[in-house]
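Residue numbers (the numbering used here), protein chains in the order written: chain F, 4 to 229; chain Y, 2 to 242.
A few of these clues could be false.
[To be verified] No more than 25 Å apart at the CA atoms, straight line, and that leaves these computed lysine-lysine pairs for BS3-like:
1) Y:Lys6 to F:Lys222
2) F:Lys225 to Y:Lys117
3) F:Lys222 to Y:Lys167
4) F:Lys77 to F:Lys66
5) F:Lys222 to Y:Lys120
6) F:Lys136 to F:Lys66
7) Y:Lys229 to F:Lys222
8) F:Lys225 to Y:Lys241
9) Y:Lys236 to Y:Lys167
10) F:Lys222 to Y:Lys236
[Stated by the list, open to error] Which chain Y residues stay away from chain F? Per the calculated CB distances, all over 10 Å, these:
11) Glu62
12) Arg65
13) Trp66
14) Val87
15) His91
16) Glu93
17) Ser108
18) Ala115
19) Ala124
20) Gly156
21) Ile177
22) Gly188
23) Val210
24) Gln233
25) Leu239
Derived by calculation from the structure, the hints in this document are not laboratory data. Each residue gets a CB set at the ideal place from its N, CA and C atoms; glycine is no exception.
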Amino acid sequence: MSRPDRREASQLRALNCSLGQLNRADGSAQFSAGNTSVVSGIYGPVEAKVYEEKLDRAVVEVKFRPDIGAPTTKDKWMESAIRNTFEREILAHLHPRTLVQIVIQLREGDGSVDSAAINATSLALVDAGIPLKCMITAATCAVLPDDTTVVDPTQEEIDAARSTHTFAFASGSSTGPLYVDSRGDFTMDEYNHCYELCALATERVLAFMRTAIEGKVTKEAKISAA
Amino acid sequence: MASVKIVLPGDIIDTRREEDTTQQESNVEDEATVIRLGPGLVQSSEAVSAVTAGVLHSNSETNRWWVAGNKRRYVAAVGEPVVGVVVARHGEGYRVDIGSAHDALLSHLAFEGATKRNKPNLAVGTVVYGRVVVANSVMDPEIECYNSNTGKSEGYGELSEGFMFKCSLGLARRLIDTKAPVLAALGNGVPFEVAVGVNGRVWVNAGSVATTILVANAIRNSEYLDAKQCRQMVKELLEKQ
Chain F
4 MSRPDRREAS
14 QLRALNCSLG
24 QLNRADGSAQ
34 FSAGNTSVVS
44 GIYGPVEAKV
54 YEEKLDRAVV
64 EVKFRPDIGA
74 PTTKDKWMES
84 AIRNTFEREI
94 LAHLHPRTLV
104 QIVIQLREGD
114 GSVDSAAINA
124 TSLALVDAGI
134 PLKCMITAAT
144 CAVLPDDTTV
154 VDPTQEEIDA
164 ARSTHTFAFA
174 SGSSTGPLYV
184 DSRGDFTMDE
194 YNHCYELCAL
204 ATERVLAFMR
214 TAIEGKVTKE
224 AKISAA
Chain Y
2 MASVKIVLPG
12 DIIDTRREED
22 TTQQESNVED
32 EATVIRLGPG
42 LVQSSEAVSA
52 VTAGVLHSNS
62 ETNRWWVAGN
72 KRRYVAAVGE
82 PVVGVVVARH
92 GEGYRVDIGS
102 AHDALLSHLA
112 FEGATKRNKP
122 NLAVGTVVYG
132 RVVVANSVMD
142 PEIECYNSNT
152 GKSEGYGELS
162 EGFMFKCSLG
172 LARRLIDTKA
182 PVLAALGNGV
192 PFEVAVGVNG
202 RVWVNAGSVA
212 TTILVANAIR
222 NSEYLDAKQC
232 RQMVKELLEK
242 Q
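Using the sequences and the hints given, assemble the complete structure.
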């Protein structure tokens, strides 16, 4: 029953992030959970092409690049899912006729890639100063063949799992999740259990993000006040 | 010194004053105070929430609240001095890249002493220092290179020679607002001219190419240094020259 890396069932891997590493992007963030590492870069608000601009809001575009090889259908699906999630939470009406471009590069994948991508993008949008309704945090759960549910599965655990579920929630909101991706064979009880575990895990991710952002803001503010 | 409150997007802001909370029971029928929300805050139904990350500030006299955070991409606002580059010429004026989502318009007549017969002739690629006069989310921004009230240039206009580089908006504001220690330290060492735009662009002109680059590097380096470290950094750069 013990996990390969000896974690508890509801224990996340070691989280790590750094903000503002990309020189030419308006905002960027690297987020990693264990070996899974994702970099997200934000460009915007910039001028949108005339044929894709919207008159009353900013257009959100997502590009997802896998760690190895050219983008495939799976990556296009991820782009569309992440765009739908963030399009609702970015205050796009403040910047009509502009484009917010999100470029996500997977550096190393070891399971729970989609939740890492969402977390990295959330941090990068904050780094870029793009107005957001809330912070978006995500976590993944896997139901293993022996009916145990584990949080933040590695690729090895995902390959062996009967079903995997990724949920993303808005911070401070009691309404439902912003993003749900469930794959495999599962019962409603298993789904509900994963929902609860992910909700708790995303709270821990949010606390981690808060610490990271406070560190960055403090560093900047201290110099302003000096 | 009051404790610094750092907010994240989605945080609900409690805008009641400390004194108010103790009197809350007795002053139920208080007169409504109007709160002005600045950058980084929006009102959603009854609550005020933050939309960007940064330090929460408030001014008790004017009842203004805002979030101060650093970023790189400029969003034009009226009255701000900006450094831009001419990218196109039109019949009516110039298109100037000021780093915002859309390029700004600069009219031919928005210069000191400009008339229909006597218009300035700026080539594409000219660096200009201007003031934003029109800026909102639905229109392209517009700048002018003189003070339209007095008719004088007051430092605005074409910036010839020199070197323009980009920096973060926070650093640009510090260079303008405060007596920036890096500029003071450099001024003691070398003669130079500088024009700072709040759009994160700085133009520097010193006697020679080497000195200009030295000044530009010193300003870029000073982003996270305090006053003492700035002076030390400038001293080392000048000694190496």
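Tested hints:
1. Y:Lys6 to F:Lys222: Holds, at roughly 14 Å.
2. F:Lys225 to Y:Lys117: 50 Å, violated
3. F:Lys222 to Y:Lys167: Holds, because 20 Å separates the two Cα atoms, which is no more than 25 Å.
4. F:Lys77 to F:Lys66: 12 Å, holds
5. F:Lys222 to Y:Lys120: This hinted pair is violated, its Cα atoms lying about 47 Å apart.
6. F:Lys136 to F:Lys66: 22 Å, holds
7. Y:Lys229 to F:Lys222: With Cα atoms ~16 Å apart, Y:Lys229 and F:Lys222 stay inside 25 Å; holds.
8. F:Lys225 to Y:Lys241: 29 Å, violated
9. Y:Lys236 to Y:Lys167: 23 Å, holds
10. F:Lys222 to Y:Lys236: Holds. F:Lys222 to Y:Lys236 sits at ~24 Å (cutoff 25 Å).
11. Glu62: 20 Å, holds
12. Arg65: Correct as stated: the minimum Cβ-Cβ distance to chain F is 18 Å, above 10 Å.
13. Trp66: 15 Å, holds
14. Val87: 17 Å, holds
15. His91: Y:His91 is indeed farther than 10 Å from all Cβ atoms of chain F, at 17 Å.
16. Glu93: Its Cβ never comes within 10 Å of chain F, the nearest being 20 Å, so this holds.
17. Ser108: 21 Å, holds
18. Ala115: Nearest chain F Cβ is 28 Å from Y:Ala115, so the label holds.
19. Ala124: 23 Å, holds
20. Gly156: 25 Å, holds
21. Ile177: 13 Å, holds
22. Gly188: At about 19 Å from chain F, Y:Gly188 clears the 10 Å cut-off, so the statement holds.
23. Val210: 23 Å, holds
24. Gln233: 14 Å, holds
25. Leu239: 22 Å, holds
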